[in-house]
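A.B. asks: Listed here are the chains, written in short residue letters.
Number of protein chains: 2
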Amino acid sequence: MSTANIEKELLFKLQPALDAGVDQEVIAILDEYRAEDIAEIFWDITLDEAKYIIKTIEKPKAIETIRSLDEELQGRFFKGYTANEIATDVIAYLDSDDAVDILNLLSTRKAEEVISFLDDQDYAKNLISMLHYDDDVAGGLMAKELVKVKYNWTVSQCVEEIRKQAEEVTNVLSVYVVDDKDILKGVVSLKDIVLAKAHTSVIEITNDEYIAINAYSTGEEVASIMSKYDLTAIPVIDSMGRLIGRITIDDVVDFIKEEADRDFQLQAGLSENVESSDKVWILSRARLPWLMVGLMGGLGSSALVSGFEGDISRLPQLAFFMPIVAAMGGNAGVQSSAIIVQGLANNTLKSKNILPKLGKEFTVSLLNGLICSALLLTWNVIIGHGYDLSMVVSIALITVIIVASLLGTITPLILEKFNIDPALASGPFITTTNDVIGLGVYFLLGRMMLG
Amino acid sequence: MSTANIEKELLFKLQPALDAGVDQEVIAILDEYRAEDIAEIFWDITLDEAKYIIKTIEKPKAIETIRSLDEELQGRFFKGYTANEIATDVIAYLDSDDAVDILNLLSTRKAEEVISFLDDQDYAKNLISMLHYDDDVAGGLMAKELVKVKYNWTVSQCVEEIRKQAEEVTNVLSVYVVDDKDILKGVVSLKDIVLAKAHTSVIEITNDEYIAINAYSTGEEVASIMSKYDLTAIPVIDSMGRLIGRITIDDVVDFIKEEADRDFQLQAGLSENVESSDKVWILSRARLPWLMVGLMGGLGSSALVSGFEGDISRLPQLAFFMPIVAAMGGNAGVQSSAIIVQGLANNTLKSKNILPKLGKEFTVSLLNGLICSALLLTWNVIIGHGYDLSMVVSIALITVIIVASLLGTITPLILEKFNIDPALASGPFITTTNDVIGLGVYFLLGRMMLG
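Residue numbers (the working numbering), protein chains in the order written: chain A, 30 to 480; chain B, 30 to 480.
For reference, chain A alone in the conformation it holds in the complex (with noise of 0.2 Å):
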């Protein structure tokens, strides 16, 4: 059964039970579904059907589903909990990364006032430490719970930590081996662990050439480092060697998730992310910034061919043809802007030399360009539109679509340069700058061809 028709399944069976309000159906339901699945149904129930499901339900599936919730939910949810419910009854309960995680979505007062609230002054000490990173960064994923072991102790002892760990960290993939100013020395798999015999030194199975990351590396670092070399967790170490905390991988897959839909939504001319559920006015915000240069650009193109209105007054018919001069420079442009950032997001660009590139987009341009102003013209000559517009059609087309190609392999790189994202290159500032240099030329050529 796909995922979504589980959420379904659940709602259409839990919605009777919540009307009524039968606590003991409530659970019994409950209890045949995961807290991952239970989540996802918070979209479709109100806020107080949402906190009586936590109250109701056992504890570490209520703490499970809410850490499951997606951010957006999570902020709602939280509105409703004083500081201290939120310390005593969640965060108390949760892993460090997924308690910074929610202790980012709250005011810093309210995030200070819940570390406040909470018993174990360990906990909240670690908490604030990691409160200092961006979210962007190693130190912002990463958890502080693993299991970590000293290089002079034996398997068995070992096995003692893990023991003792074992309730704190749900998902133990490896064990750290550190020295005794905590200075990471390898890691140890759990499959060497079960192997070796309880008194065998743990140095010995230790494998010191691990692959560890600093807490300030970027997570597009974090997450081509651990996609590169196959890593289900890496550890992290501050500047001076000491081991920190460890990310696992699913947190990289969520960042990697996030990161190909920001991509996708600068592509689109969205400037901030949303989604269809969200608020008319937050819909309308993250579209009218990129609409706004699309009105600019309009407002260029506009004052540009006006400037050719003697032009187009004695040949009307120049003006059938702007619409596909002015398509095919931004389709040509977003092609090769494409091609540019996606190279730069997945670190395939493998040269960063900018002039062999623009040779090779200046032939595949070339090429393409032929292609499509030769079926142009040959159209346009049967359409009975006279050879020498057509073939004005047709030079400014080429033109238009090597311009426009060459400005889009050139924008990310520049982008690139003065560290914005390139993704911005290749959405509707790319479509829009073609516009107005592709009528440009259009116009001056057949100025200079028909006048």
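Some clues are possibly wrong.
The list makes no distinction among identical chains, and a pair is therefore deemed to hold if it is satisfied within one copy or across any two copies.
[Stated by the list, open to error] Straight line, CA to CA, 30 Å or less: simulated DSSO-like cross-link-like pairs of lysine-lysine:
#: 1; residue 1: Lys88; residue 2: Lys108
#: 2; residue 1: Lys179; residue 2: Lys193
#: 3; residue 1: Lys257; residue 2: Lys286
#: 4; residue 1: Lys177; residue 2: Lys226
#: 5; residue 1: Lys286; residue 2: Lys446
#: 6; residue 1: Lys446; residue 2: Lys37
#: 7; residue 1: Lys179; residue 2: Lys226
#: 8; residue 1: Lys154; residue 2: Lys446
#: 9; residue 1: Lys154; residue 2: Lys108
#: 10; residue 1: Lys214; residue 2: Lys193
#: 11; residue 1: Lys389; residue 2: Lys80
#: 12; residue 1: Lys37; residue 2: Lys286
#: 13; residue 1: Lys214; residue 2: Lys84
#: 14; residue 1: Lys80; residue 2: Lys257
#: 15; residue 1: Lys177; residue 2: Lys37
#: 16; residue 1: Lys42; residue 2: Lys226
#: 17; residue 1: Lys210; residue 2: Lys84
#: 18; residue 1: Lys214; residue 2: Lys88
Read the hints as simulated data drawn from the structure, not as lab findings.
Assemble chain B onto chain A, guided by the hints.
C.D. replies: Okay, now just chain B, sitting in the frame of chain A:
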């Protein structure tokens, strides 16, 4: 050090040694680097140098290097090898999922030939059974290598089985429990094995609330389930419930990235996965289809505009605002469709019900249309374009933004219904359609109000 810098450094050190052809020097340099890094420099060296490296370095690292190569490089690399060499030097050493990926790159005939050279008959049979699956379903993503134990075993028998399989299964994340008919009964985490006593029965520590996936589930389903439930590995079962493989999260990460790339490309009007390093004719071929669609759309627009030749001769200023109307329609349409496409891809589009979405989209686009039109009207009146023409342009602008947004919302939903990738809708398709519709609305309004 960023991974890109590692490659540069390696290449800088290695090239002189390669040129000199001193085996010992090449080995000493490559010994310092990971296979994944060595694989990256294959982009920059010749095929002969690549083969020389693979022949020279130690076998496990050579295999891992080949495994880590980008598909394109693998394809090129294997052209220089016979079926026998591929079988005995490479495939025999790989996990089944990586082996199948490589076999899929070869022609069916060569793949069969390669398999016929394998000594291990069980492994050969496994590969043949896996080749039956498409590479984007669970059966095509899974590996056959896993640790499988019987439900009536003890923990110490489990540990023995792990020891036996240890060499073949590099990343033991969990142990799968089956009955005598190989039907999956549950999963045991390595942590629980570490913590259990040797004589404990496996069934006592087995988690029977596991999530498994059918071999014919799509890659999207696998990705969405693994990321929803934060799984690092998922068992794959056949229609009888028998355990036939497992998928690890690293393969899913690659799949998620490829999916995101494909949506980005479709949106940008690229019809196949291309990189700027591809050959000119491949780049040209990927772009031509959507340029052709743009060309057709453009011809439609010109035919439409030519129907208003009389109006344009009478009032050439009408032509000034064609670009603004066309461009804004395109922008608004792409924004709307991108939100829907992303909602569909991420499964966050909670209700598939079209009407409320259209209602909301209408409100958002009316709001944005009003803002843009009001600004445009003010500007046009100030600039002296005359009140009547300015009104026509502004009314056309609102209309076009609304129509384009509604179309942008509805098109991906319809495509999805017909099992066509909705990302197709958010690219040149929507821009082109909106060009034609927008210009039609504009000129009709012009004729009605100014004619």
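A.B. asks: My question is about lysine 80 and lysine 257: at a cut-off of 30 Å on alpha-carbon distance, are they close within one copy, between copies, both, or neither?
C.D. replies: So lysine 80 and lysine 257 pass the 30 Å test across copies only (22 Å; inside, 42 Å).
A.B. asks: Please work out whether the CA atoms of lysine 154 and lysine 446 approach to 30 Å or closer within one copy, between two copies, in both situations, or in neither?
C.D. replies: neither (38 Å within a copy, 52 Å between copies)
A.B. asks: Reference check for the pair lysine 154 and lysine 108, CA-CA at most 30 Å: within, between, both, or neither?
C.D. replies: Answer is within: at 24 Å inside a copy they meet the 30 Å cutoff, but 58 Å across does not.
A.B. asks: At most 30 Å between CA atoms: does that hold for lysine 179 and lysine 193 within a copy, between copies, both, or neither?
C.D. replies: both (15 Å within a copy, 29 Å between copies)
A.B. asks: Please sort lysine 177 with lysine 226 into within, between, both or neither, judging by C-alpha distance up to 30 Å.
C.D. replies: Close inside one copy (19 Å) and across copies (22 Å); limit 30 Å.
A.B. asks: Which holds for lysine 257 with lysine 286 at a C-alpha limit of 30 Å: within a copy, between copies, both or neither?
C.D. replies: Intra 16 Å, inter 12 Å, cutoff 30 Å: intra and inter.
A.B. asks: Quick one: lysine 37 to lysine 286, C-alpha cut-off 30 Å, is that within a copy, between copies, both, or neither?
C.D. replies: Classified as both; 24 Å inside a copy, 28 Å across copies.
A.B. asks: For lysine 88 vs lysine 108, is the C-alpha pair at or below 30 Å within one copy, between two copies, both, or neither?
C.D. replies: within (20 Å within a copy, 59 Å between copies)
A.B. asks: Can you give me the call for lysine 179 and lysine 226, within, between, both or neither, at a CA distance of at most 30 Å?
C.D. replies: both (17 Å within a copy, 24 Å between copies)
A.B. asks: From the Cα coordinates, with 30 Å as the cut-off, is the pair lysine 210 and lysine 84 best called within, between, both, or neither?
C.D. replies: Answer is neither: 43 Å inside a copy and 43 Å across each miss the 30 Å cutoff.
A.B. asks: Within, between, both or neither: how does the pair lysine 214, lysine 84 come out at a Cα-Cα threshold of 30 Å?
C.D. replies: neither (44 Å within a copy, 33 Å between copies)
A.B. asks: Is it within, between, both, or neither for lysine 286 and lysine 446, if the alpha carbons may be no more than 30 Å apart?
C.D. replies: For lysine 286 and lysine 446, both the intra-copy (24 Å) and inter-copy (24 Å) Cα distances are at most 30 Å.
In terms of the numbered hints stated before, the structure departs from hints 8, 13, 15, 16, 17, listed from lowest to highest.
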